[in-house]
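Could you build the full structure based on these sequences and the hints that come with them?
In this text, residue positions in the sequence shown follow the working numbering: the first is 1, and each later residue adds one.
If you are wondering where the hints come from, they were derived from the structure by calculation, not from laboratory data.
A few of these clues could be false.
Stated by the list, open to error - Quick list of in silico lysine-lysine cross-link-like pairs, DSBU-like style, CA-CA up to 35 Å:
no.	residue 1	residue 2
1	Lys111	Lys126
2	Lys70	Lys126
3	Lys111	Lys74
4	Lys74	Lys126
5	Lys111	Lys70
What the hints assert, rightly or not - Each pair of labels, with its calculated beta carbon distance range:
no.	residue 1	residue 2	range
6	Ser105	Ala33	16 to 24 Å
7	Leu113	Arg59	17 to 25 Å
8	Glu106	Ser131	14 to 22 Å
All residues carry an ideal CB built from backbone N, CA and C; glycine is no exception.
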Amino acid sequence: VRDGRDVAASLLERDWRHPQTGQAFDHVRDPLAALTYWARLAGAGLRAEAEIGPQRCLRVRYEDLVQRPKRTLKALFAFMELEMPRDVFEFHRRSLDLVGTERDSEALLSKPLTRNRVGRAPAPLKARAHSISQISSLLAQLGYPPSPRRITQM
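Right, dumping it as C-alpha coordinates:
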(Lines of atoms letter the chains of each structure in order from A and count residues from 1; the text may use other names and numbers.)
(Lines give C-alpha, C1' and ligand atoms only; values in the text may rest on other atoms or scores of the structure.)
Protein backbone atom coordinates (compact mmCIF):
# COMPACT_ATOMS: atom_id res chain seq x y z
CA VAL A 1 0.00 0.00 0.00
CA ARG A 2 0.99 3.62 -0.39
CA ASP A 3 -0.29 6.86 1.13
CA GLY A 4 -3.29 7.80 -1.00
CA ARG A 5 -2.32 11.45 -1.08
CA ASP A 6 1.02 10.56 -2.66
CA VAL A 7 -0.70 8.15 -5.06
CA ALA A 8 -3.09 10.92 -6.13
CA ALA A 9 -0.18 13.34 -6.61
CA SER A 10 1.58 10.75 -8.76
CA LEU A 11 -1.55 10.02 -10.79
CA LEU A 12 -2.01 13.72 -11.52
CA GLU A 13 1.44 13.71 -13.19
CA ARG A 14 0.34 11.02 -15.66
CA ASP A 15 -1.06 11.48 -19.13
CA TRP A 16 -3.13 8.32 -19.30
CA ARG A 17 -5.81 8.44 -21.97
CA HIS A 18 -8.69 6.29 -23.08
CA PRO A 19 -7.49 4.27 -26.09
CA GLN A 20 -10.62 4.88 -28.17
CA THR A 21 -11.48 8.49 -27.33
CA GLY A 22 -8.05 9.92 -26.53
CA GLN A 23 -9.58 11.69 -23.54
CA ALA A 24 -7.53 11.87 -20.34
CA PHE A 25 -8.92 9.63 -17.62
CA ASP A 26 -10.61 11.54 -14.78
CA HIS A 27 -8.18 10.13 -12.19
CA VAL A 28 -5.17 11.74 -13.92
CA ARG A 29 -6.69 15.19 -14.28
CA ASP A 30 -8.94 15.72 -11.26
CA PRO A 31 -7.64 15.54 -7.65
CA LEU A 32 -10.92 14.23 -6.22
CA ALA A 33 -11.11 11.54 -8.91
CA ALA A 34 -7.48 10.57 -8.19
CA LEU A 35 -8.19 10.23 -4.46
CA THR A 36 -11.38 8.27 -5.17
CA TYR A 37 -9.52 5.97 -7.57
CA TRP A 38 -6.93 5.24 -4.86
CA ALA A 39 -9.68 4.69 -2.25
CA ARG A 40 -11.46 2.20 -4.51
CA LEU A 41 -8.27 0.19 -5.12
CA ALA A 42 -7.10 0.37 -1.50
CA GLY A 43 -10.54 -0.69 -0.30
CA ALA A 44 -10.50 -3.67 -2.68
CA GLY A 45 -7.05 -4.58 -1.37
CA LEU A 46 -8.22 -4.46 2.23
CA ARG A 47 -11.24 -6.62 1.44
CA ALA A 48 -9.01 -9.16 -0.30
CA GLU A 49 -6.56 -9.04 2.60
CA ALA A 50 -9.38 -9.77 5.06
CA GLU A 51 -10.68 -12.64 2.95
CA ILE A 52 -7.26 -14.20 2.32
CA GLY A 53 -6.11 -13.81 5.91
CA PRO A 54 -2.78 -12.99 7.53
CA GLN A 55 -1.32 -16.44 6.92
CA ARG A 56 -1.42 -15.88 3.16
CA CYS A 57 -1.27 -12.10 2.81
CA LEU A 58 1.41 -9.67 3.95
CA ARG A 59 0.77 -5.95 3.69
CA VAL A 60 3.87 -4.09 2.53
CA ARG A 61 3.87 -0.32 2.77
CA TYR A 62 5.67 1.59 0.04
CA GLU A 63 7.04 3.93 2.68
CA ASP A 64 8.62 1.00 4.58
CA LEU A 65 10.08 -0.31 1.35
CA VAL A 66 11.90 2.95 0.59
CA GLN A 67 12.78 3.88 4.19
CA ARG A 68 13.91 0.43 5.33
CA PRO A 69 14.37 -1.57 2.14
CA LYS A 70 16.56 -4.36 3.53
CA ARG A 71 14.36 -5.03 6.54
CA THR A 72 11.16 -4.82 4.50
CA LEU A 73 12.34 -7.10 1.70
CA LYS A 74 13.87 -9.54 4.16
CA ALA A 75 10.48 -9.83 5.88
CA LEU A 76 8.72 -10.19 2.53
CA PHE A 77 11.00 -12.96 1.28
CA ALA A 78 10.78 -14.72 4.66
CA PHE A 79 6.97 -14.53 4.47
CA MET A 80 7.10 -16.13 1.02
CA GLU A 81 9.59 -18.70 2.34
CA LEU A 82 12.10 -17.71 -0.35
CA GLU A 83 15.74 -16.76 -0.17
CA MET A 84 16.29 -13.10 -0.91
CA PRO A 85 18.46 -12.73 -4.04
CA ARG A 86 21.75 -10.93 -3.48
CA ASP A 87 21.03 -8.57 -6.36
CA VAL A 88 17.50 -7.66 -5.29
CA PHE A 89 18.50 -3.99 -4.99
CA GLU A 90 19.95 -3.96 -8.50
CA PHE A 91 16.55 -4.24 -10.19
CA HIS A 92 17.03 -0.85 -11.84
CA ARG A 93 20.03 -2.19 -13.78
CA ARG A 94 17.97 -4.89 -15.51
CA SER A 95 16.05 -4.35 -18.71
CA LEU A 96 12.31 -4.27 -18.28
CA ASP A 97 9.74 -5.89 -20.50
CA LEU A 98 6.87 -3.42 -20.34
CA VAL A 99 5.04 -4.65 -23.42
CA GLY A 100 1.36 -3.87 -23.06
CA THR A 101 1.80 -1.67 -19.98
CA GLU A 102 1.92 2.06 -19.44
CA ARG A 103 5.25 3.74 -20.08
CA ASP A 104 4.90 6.84 -17.86
CA SER A 105 6.51 5.04 -14.92
CA GLU A 106 9.37 3.49 -16.89
CA ALA A 107 11.83 6.25 -15.92
CA LEU A 108 11.07 5.70 -12.22
CA LEU A 109 11.31 1.91 -12.52
CA SER A 110 14.78 2.19 -14.00
CA LYS A 111 16.17 4.01 -10.95
CA PRO A 112 17.06 2.82 -7.44
CA LEU A 113 14.55 3.18 -4.62
CA THR A 114 14.29 6.72 -3.33
CA ARG A 115 12.52 8.39 -0.45
CA ASN A 116 11.77 11.57 -2.37
CA ARG A 117 8.34 10.32 -3.44
CA VAL A 118 7.14 9.92 0.17
CA GLY A 119 5.11 12.75 1.68
CA ARG A 120 5.21 14.73 -1.54
CA ALA A 121 1.54 15.47 -2.05
CA PRO A 122 0.90 19.23 -2.09
CA ALA A 123 -0.89 20.77 0.89
CA PRO A 124 -4.17 21.43 -0.99
CA LEU A 125 -4.38 17.75 -1.98
CA LYS A 126 -3.69 16.66 1.60
CA ALA A 127 -6.39 19.00 2.89
CA ARG A 128 -8.83 17.71 0.27
CA ALA A 129 -8.13 14.11 1.28
CA HIS A 130 -8.93 14.85 4.91
CA SER A 131 -12.10 16.74 4.07
CA ILE A 132 -13.61 13.56 2.61
CA SER A 133 -14.56 11.20 5.40
CA GLN A 134 -14.25 7.97 3.37
CA ILE A 135 -10.72 8.83 2.24
CA SER A 136 -9.64 10.20 5.61
CA SER A 137 -10.96 7.07 7.30
CA LEU A 138 -9.17 4.78 4.85
CA LEU A 139 -5.89 6.69 5.31
CA ALA A 140 -6.23 6.29 9.08
CA GLN A 141 -7.12 2.60 8.76
CA LEU A 142 -3.92 2.07 6.78
CA GLY A 143 -1.88 3.96 9.39
CA TYR A 144 -1.31 7.23 7.55
CA PRO A 145 -1.43 10.29 9.81
CA PRO A 146 -3.23 13.47 8.77
CA SER A 147 0.05 15.25 7.91
CA PRO A 148 2.91 12.86 7.22
CA ARG A 149 6.31 14.37 7.62
CA ARG A 150 8.39 14.66 4.46
CA ILE A 151 11.44 12.43 4.34
CA THR A 152 14.34 14.05 2.57
CA GLN A 153 17.35 11.82 3.21
CA MET A 154 18.06 8.35 1.91
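Here's how the hints hold up against the structure:
1. Between the alpha carbons of Lys111 and Lys126 the distance comes to roughly 27 Å, so the proposed pair stays at or under 35 Å and holds.
2. A threshold of 35 Å between alpha carbons decides the hint, and for Lys70 with Lys126 the separation of about 29 Å falls inside it, so the pair holds.
3. With a C-alpha separation of about 20 Å, the suggested pairing of Lys111 with Lys74 holds against the 35 Å cut-off.
4. Proposed proximity of Lys74 and Lys126 is supported: the alpha carbons are some 32 Å apart, at most 35 Å.
5. As the CA atoms of Lys111 and Lys70 are separated by approximately 17 Å, the hinted pair is consistent with the 35 Å bound.
6. For the pair Ser105 and Ala33, the beta carbons lie near 19 Å from each other, so the given range of 16 to 24 Å is met.
7. At about 18 Å, the beta-carbon gap between Leu113 and Arg59 stays in the expected band of 17 to 25 Å.
8. For Glu106 and Ser131, the hinted distance range of 14 to 22 Å is not satisfied, since their beta carbons lie about 34 Å from each other.
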